[in-house]
Amino acid sequence: MTDVFRIVTALALIACTGFTIPMQQAANPCRITSVRAEAMPDSIVLRITGSPRLEQYQRPERTGRSVVLRIPNATHAATLDSTLTAAGLAIRHEIIRDILVYRITIPARIKDVAWRREGPSTVALSFIKEASPPGDDRNRPSGNRKKWELDVIVLDAGHGGVDGGAEGTNGALEKNVTLAIAKKLRTLIREAMPDTRIVMTRDDDTFVELFRRTEIANEAGGKLFISIHCNSMPTKPHPAHGCETYILRPGRNADAARVAARENASIQFERSQQHYKGMSADQLIMATMAQRSFVQLSETLAAKIQREVSRRTPLQNRGVSQAGFYVLVGASMPNILFETAFLSNKSDAAYITSEKGQEQVAASMLEAIKAYARNYRELLK
Numbered sequence: 001m002t003d004v005f006r007i008v009t010a011l012a013l014i015a016c017t018g019f020t021i022p023m024q025q026a027a028n029p030c031r032i033t034s035v036r037a038e039a040m041p042d043s044i045v046l047r048i049t050g051s052p053r054l055e056q057y058q059r060p061e062r063t064g065r066s067v068v069l070r071i072p073n074a075t076h077a078a079t080l081d082s083t084l085t086a087a088g089l090a091i092r093h094e095i096i097r098d099i100l101v102y103r104i105t106i107p108a109r110i111k112d113v114a115w116r117r118e119g120p121s122t123v124a125l126s127f128i129k130e131a132s133p134p135g136d137d138r139n140r141p142s143g144n145r146k147k148w149e150l151d152v153i154v155l156d157a158g159h160g161g162v163d164g165g166a167e168g169t170n171g172a173l174e175k176n177v178t179l180a181i182a183k184k185l186r187t188l189i190r191e192a193m194p195d196t197r198i199v200m201t202r203d204d205d206t207f208v209e210l211f212r213r214t215e216i217a218n219e220a221g222g223k224l225f226i227s228i229h230c231n232s233m234p235t236k237p238h239p240a241h242g243c244e245t246y247i248l249r250p251g252r253n254a255d256a257a258r259v260a261a262r263e264n265a266s267i268q269f270e271r272s273q274q275h276y277k278g279m280s281a282d283q284l285i286m287a288t289m290a291q292r293s294f295v296q297l298s299e300t301l302a303a304k305i306q307r308e309v310s311r312r313t314p315l316q317n318r319g320v321s322q323a324g325f326y327v328l329v330g331a332s333m334p335n336i337l338f339e340t341a342f343l344s345n346k347s348d349a350a351y352i353t354s355e356k357g358q359e360q361v362a363a364s365m366l367e368a369i370k371a372y373a374r375n376y377r378e379l380l381k
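Mapping to UniProt numbering: the sequence shown position 185 is 185, numbers consecutive.
Please note that the accuracy of each hint is not assured.
[To be verified] DSSO-like mimics (lysine-lysine), calculated; alpha carbons at most 30 Å apart, straight line:
1. K236 x K183
2. K370 x K183
3. K370 x K356
4. K184 x K356
5. K184 x K111
6. K183 x K356
7. K236 x K111
8. K236 x K370
9. K346 x K183
10. K346 x K184
11. K346 x K356
12. K346 x K111
[Claimed, not checked] Restraint-style ranges between C-beta atoms, simulated for each label pair:
13. N28 x G161: 23 to 31 Å
14. D195 x I96: 49 to 57 Å
15. K356 x N73: 52 to 60 Å
16. R374 x F207: 29 to 37 Å
17. T33 x N375: 34 to 42 Å
18. A240 x V68: 44 to 52 Å
19. R307 x E94: 51 to 59 Å
20. R374 x R59: 35 to 43 Å
Keep in mind that the hints were calculated from the coordinates and are not lab data.
Glycine residues also receive a C-beta, built at the ideal position from the N, C-alpha and C atoms.
Generate coordinates for the entire structure from the input sequences, incorporating the hints supplied.
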């Protein structure tokens with residue numbers, strides 16, 4: 001077991017306990033170059049971006065309708081544009097003892113504030129709105145409805161390149177299985193949903209960093225992020241079999257922590273693990289809170305995938321679980337991680353590496369996405 005895997009395993013287990021790891025200190029001055037807001041149906045997302053990197057920030061403090069964010073060793077060089085006032089935010093900034101202080105006035109009826117990193121240079125603050133009373137449409141999208149349509153789906157084929165992922169009992173590599181399923185699913189979605197654009201985080205045998213995958217999804221304006229993987233046990237052959245889907249939350253049990261640790265171990269192939277040094281249990285909780293706007297939709301898709309795949313394939317339904325997957329952190333859209341089958345199980349491995357098995361799983365996922373799309377449209381009415 002590598003040192004990186006031990007660290008990832010420890011962090012995954014820490015996520016179950018609530019222990020917090022201190023944030024790393026910044027080495028280089030940071031220039032804040034962009035401060036922009038985006039109004040969502042049930043939240044407002046404020047993104048603050050620094051150059052070359054936003055290494056650290058202090059925990060935002062809220063008092064009533066005021067939120068204070070402090071960024072040590074930073075200067076403000078951004079233009080406060082119209083997206084802020086359009087979202088109902090007012091921002092002032094000042095330097096106090098080499099600390100850049102943002103004082104943010106938020107609208108009424110904000111029930112919670114969450115925050116997360118989006119890559120090495122951006123911190124996103126989410127201001128979660130209170131639920132509207134029955135018949136009150138103020139939090140529903142209006143006007144430019146195109147913004148809320150399910151017009152971009154991002155498919156993430158797990159692993160790739162130097163990162164082969166799990167190896168099956170038959171010698172198959174996870175990276176090849178996930179890419180084959182993702183490509184088949186892309187073709188099916190294009191045929192069934194011609195108005196929806198499909199973005200792949202990779203479409204060949206290339207290694208893509210975990211943090212970069214959600215950056216690709218955000219940059220593409222994705223409305224749905226689906227990360228496709230294969231499960232595996234530490235020993236093989238192993239009797240564990242079936243499919244399971246995960247959403248982003250700190251893991252509640254050792255098995256979920258094990259799965260997250262195995263998938264998160266891909267960071268050992270990245271040139272730098274700087275992006276994950278502050279990924280403590282506390283920050284995983286904050287990332288979960290920042291995605292609160294999407295959690296219901298993520299759970300809906302996860303349940304539909306489990307139902308359709310278990311109905312249409314021989315794979316057993318192992319249910320929907322939660323864990324701290326790095327690849328889901330930072331996604332500004334509903335997101336799930338789907339473990340298709342166990343490569344450590346002879347029967348599962350034979351099925352998921354076959355052309356027939358991959359086609360059936362992709363077709364089942366399409367049916368789940370179509371059902372999700374119908375629900376999604378109902379929510380926007």
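Status of each hint after checking the structure:
1. Restraint check for K236 and K183: the C-alpha separation of about 28 Å stays at or below 30 Å, so the hint holds.
2. Of the pairs offered as hints, the one joining K370 and K183 holds, with about 17 Å between alpha carbons and a cut-off of 30 Å not exceeded.
3. With a CA separation close to 21 Å, the supplied pair K370 and K356 stays within the 30 Å bound.
4. This hinted pair checks out: K184 and K356 have alpha carbons roughly 11 Å apart, not beyond 30 Å.
5. At most 30 Å may separate the alpha-carbon atoms for a hinted pair to count; K184 and K111 exceed this at roughly 42 Å.
6. In summary, the hint linking K183 to K356 is supported, as the alpha carbons are separated by about 14 Å, within the 30 Å threshold.
7. With a C-alpha separation of about 48 Å, the suggested pairing of K236 with K111 is violated against the 30 Å cut-off.
8. Of the pairs offered as hints, the one joining K236 and K370 is violated, with about 36 Å between alpha carbons and a cut-off of 30 Å exceeded.
9. Straight-line distance between C-alpha atoms of K346 and K183 comes to about 24 Å, which keeps the hinted pair within the 30 Å bound.
10. Our distance criterion of 30 Å between C-alpha atoms is met by K346 and K184, whose separation comes to about 23 Å.
11. For the hint pairing K346 with K356, the CA-to-CA distance comes to about 16 Å; that is within 30 Å, so the pair holds.
12. The suggested pairing of K346 with K111 is violated, with an alpha-carbon distance near 49 Å, which exceeds 30 Å.
13. Hint check: N28 to G161, Cβ distance near 29 Å, so the stated range 23 to 31 Å holds.
14. Evaluation of the 49 to 57 Å hint for D195 and I96 yields a pass: the beta carbon distance comes to about 50 Å.
15. Checked against the hint of 52 to 60 Å, the pair K356 and N73 passes, with Cβ atoms roughly 57 Å apart.
16. One distance hint, 29 to 37 Å for the beta-carbon pair R374 and F207, holds here, with the actual separation near 36 Å.
17. Distance hint check: the CB atoms of T33 and N375 are about 38 Å apart, consistent with the given range 34 to 42 Å.
18. For the hinted restraint 44 to 52 Å between A240 and V68, the CB-CB distance of approximately 48 Å keeps it satisfied.
19. Checked against the hint of 51 to 59 Å, the C-beta distance between R307 and E94 comes to roughly 53 Å, which is consistent with it.
20. Here the CB-CB span from R374 to R59 is close to 40 Å, well matched to the stated 35 to 43 Å.
The structure fails hints 5, 7, 8, 12 (numbered hints given earlier, in ascending order).
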